[in-house]
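Q: So the sequence lines, in the order shown, correspond to chains A and B.
Numbers in the working numbering are just positions in the first sequence, counted from 1, shifted up by 27.
Numbers in the working numbering are just positions in the second sequence, counted from 1, shifted up by 762.
Be aware that one or more of the hints could be misleading.
Subject to a maximum C-alpha distance of 20 Å in a straight line, what follows is the list of computed SDA-like cross-link-like pairs (lysine to any residue) [to be verified]: (1) A:K57 to B:L797; (2) A:K53 to B:S787; (3) B:K897 to B:H932; (4) B:K896 to B:Y912; (5) B:K824 to A:D133; (6) A:K53 to B:Q819; (7) A:K53 to B:R791; (8) B:K779 to B:Y789; (9) B:K772 to B:E914; (10) B:K897 to B:F930; (11) B:K824 to A:Q66; (12) A:K57 to B:E914; (13) B:K772 to B:N831; (14) A:K53 to B:K795; (15) B:K786 to A:V47; (16) A:K57 to B:D816; (17) A:K57 to B:F826; (18) B:K786 to A:D48; (19) B:K824 to B:M812; (20) B:K896 to B:E886; (21) A:K57 to B:L823; (22) A:K57 to B:Y789; (23) A:K57 to B:M812; (24) B:K786 to B:L797; (25) B:K896 to B:S911; (26) B:K893 to B:Q835; (27) B:K783 to B:L823; (28) B:K786 to B:L823; (29) B:K824 to A:Q121.
In short, the hints are calculated from the structure, not lab data.
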Amino acid sequence: MIEIEKKIALQKKESINTNVDEFMSKLNDKIEASRINRQIIFTSSAMVFIILLLIVTQFGAPDFELDNYMLSRTENLIETDFWNINIDSLENEQEYFNNMAYFLMDEGYTWEAVELLDQFKLIEKEQL
Amino acid sequence: MSLTIKDEMKNDHELIKIFQKGDKSAYDRLVRKYLHNTVGFFYTITGDRMVAEDLAQDVFLKLFNNLRNFRFQSAFSTYLYRINLNTANSWFARNKWKNLLHLDQIINQQKKDTSVSKEWLNKELWDAISKLPKKQRSVVVMRVAEELSYKEISTITGMSENTAKVNFHHALQTLKEVLNND
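Looking at chain A on its own, in the form it has when it is part of the complex (with noise of 0.2 Å):
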């Protein structure tokens, strides 16, 4: 018999005394530790999942666009901005400058609303 088959042959299964409710113990926390590690990995890929689904969709992100156009479109209905008051809207007729001297007067700008009336007058006054 070769040497080498010697050695094998001589390894015979060893049998070791091993504290089985030891054993069983260690193994039962090694089981409970998995199944917490399993949860905590479950949870965090849930989280995860939940925070790029957020992002791809930008739920409760504030729709900016929408509320400029809401500022862009109350602009053009009221043109409060004097200094871009284009010609078509100065030669509507003196019931437009009125209700917008009104609304003016209510929001509180009196002394826009007085210059508004002043620049309709005067536009009058350069038509005649």
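Let chain A serve as the given structure and place chain B on it in line with the hints.
A: Showing chain B alone in chain A's frame:
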């Protein structure tokens, strides 16, 4: 009255069915039944009782996590041998890196200095076995540590009996060369 292999297999399968229904005590009975065999298997490989018990714990933990998916297509012992073999292969791979990084140099030196004991010869042999290709190593581990027949090895590893024999023969040749060179 002694139980036949078929009776053993039936008993194991019944215990697994009980465990799959949610009764953990059936799992505990399985562990107690195969505990000494599994620890003994790893002790033969590692030569260290603590490491053997740790590896056995890893095996039973894997078993706990996977036993619900057991399909009753093979004997439980075969299933357990497969887990043992995979765990042993992982340990060999880890140990290879440890040897490579000389982390166990001091321990080796101490063992070498004390005596050329059987323990050292075993260590030398298992170091050589750990360097074998995976297929050869699996066959050698099953033959040496578990004393399994080629038929049983072919069932566990999925290779044919002849392939197992050839792998064992090649492994012996390689081991002979490695150990003679040392």
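Q: A separate judgement is required for each hint: does it hold in the structure or not?
A: Hint check:
{"no.": "1", "hint": "A:K57 to B:L797", "verdict": "holds, 16 Å"}
{"no.": "2", "hint": "A:K53 to B:S787", "verdict": "holds, 16 Å"}
{"no.": "3", "hint": "B:K897 to B:H932", "verdict": "holds, 10 Å"}
{"no.": "4", "hint": "B:K896 to B:Y912", "verdict": "holds, 17 Å"}
{"no.": "5", "hint": "B:K824 to A:D133", "verdict": "violated, 77 Å"}
{"no.": "6", "hint": "A:K53 to B:Q819", "verdict": "holds, 8 Å"}
{"no.": "7", "hint": "A:K53 to B:R791", "verdict": "holds, 16 Å"}
{"no.": "8", "hint": "B:K779 to B:Y789", "verdict": "holds, 10 Å"}
{"no.": "9", "hint": "B:K772 to B:E914", "verdict": "holds, 18 Å"}
{"no.": "10", "hint": "B:K897 to B:F930", "verdict": "holds, 9 Å"}
{"no.": "11", "hint": "B:K824 to A:Q66", "verdict": "holds, 17 Å"}
{"no.": "12", "hint": "A:K57 to B:E914", "verdict": "violated, 31 Å"}
{"no.": "13", "hint": "B:K772 to B:N831", "verdict": "holds, 17 Å"}
{"no.": "14", "hint": "A:K53 to B:K795", "verdict": "holds, 17 Å"}
{"no.": "15", "hint": "B:K786 to A:V47", "verdict": "holds, 17 Å"}
{"no.": "16", "hint": "A:K57 to B:D816", "verdict": "holds, 11 Å"}
{"no.": "17", "hint": "A:K57 to B:F826", "verdict": "holds, 11 Å"}
{"no.": "18", "hint": "B:K786 to A:D48", "verdict": "holds, 16 Å"}
{"no.": "19", "hint": "B:K824 to B:M812", "verdict": "holds, 18 Å"}
{"no.": "20", "hint": "B:K896 to B:E886", "verdict": "holds, 18 Å"}
{"no.": "21", "hint": "A:K57 to B:L823", "verdict": "holds, 7 Å"}
{"no.": "22", "hint": "A:K57 to B:Y789", "verdict": "holds, 14 Å"}
{"no.": "23", "hint": "A:K57 to B:M812", "verdict": "holds, 16 Å"}
{"no.": "24", "hint": "B:K786 to B:L797", "verdict": "holds, 16 Å"}
{"no.": "25", "hint": "B:K896 to B:S911", "verdict": "holds, 19 Å"}
{"no.": "26", "hint": "B:K893 to B:Q835", "verdict": "violated, 33 Å"}
{"no.": "27", "hint": "B:K783 to B:L823", "verdict": "holds, 18 Å"}
{"no.": "28", "hint": "B:K786 to B:L823", "verdict": "holds, 13 Å"}
{"no.": "29", "hint": "B:K824 to A:Q121", "verdict": "violated, 88 Å"}
Consistency with the previously given hints fails for numbers 5, 12, 26 and 29, ordered from lowest to highest.
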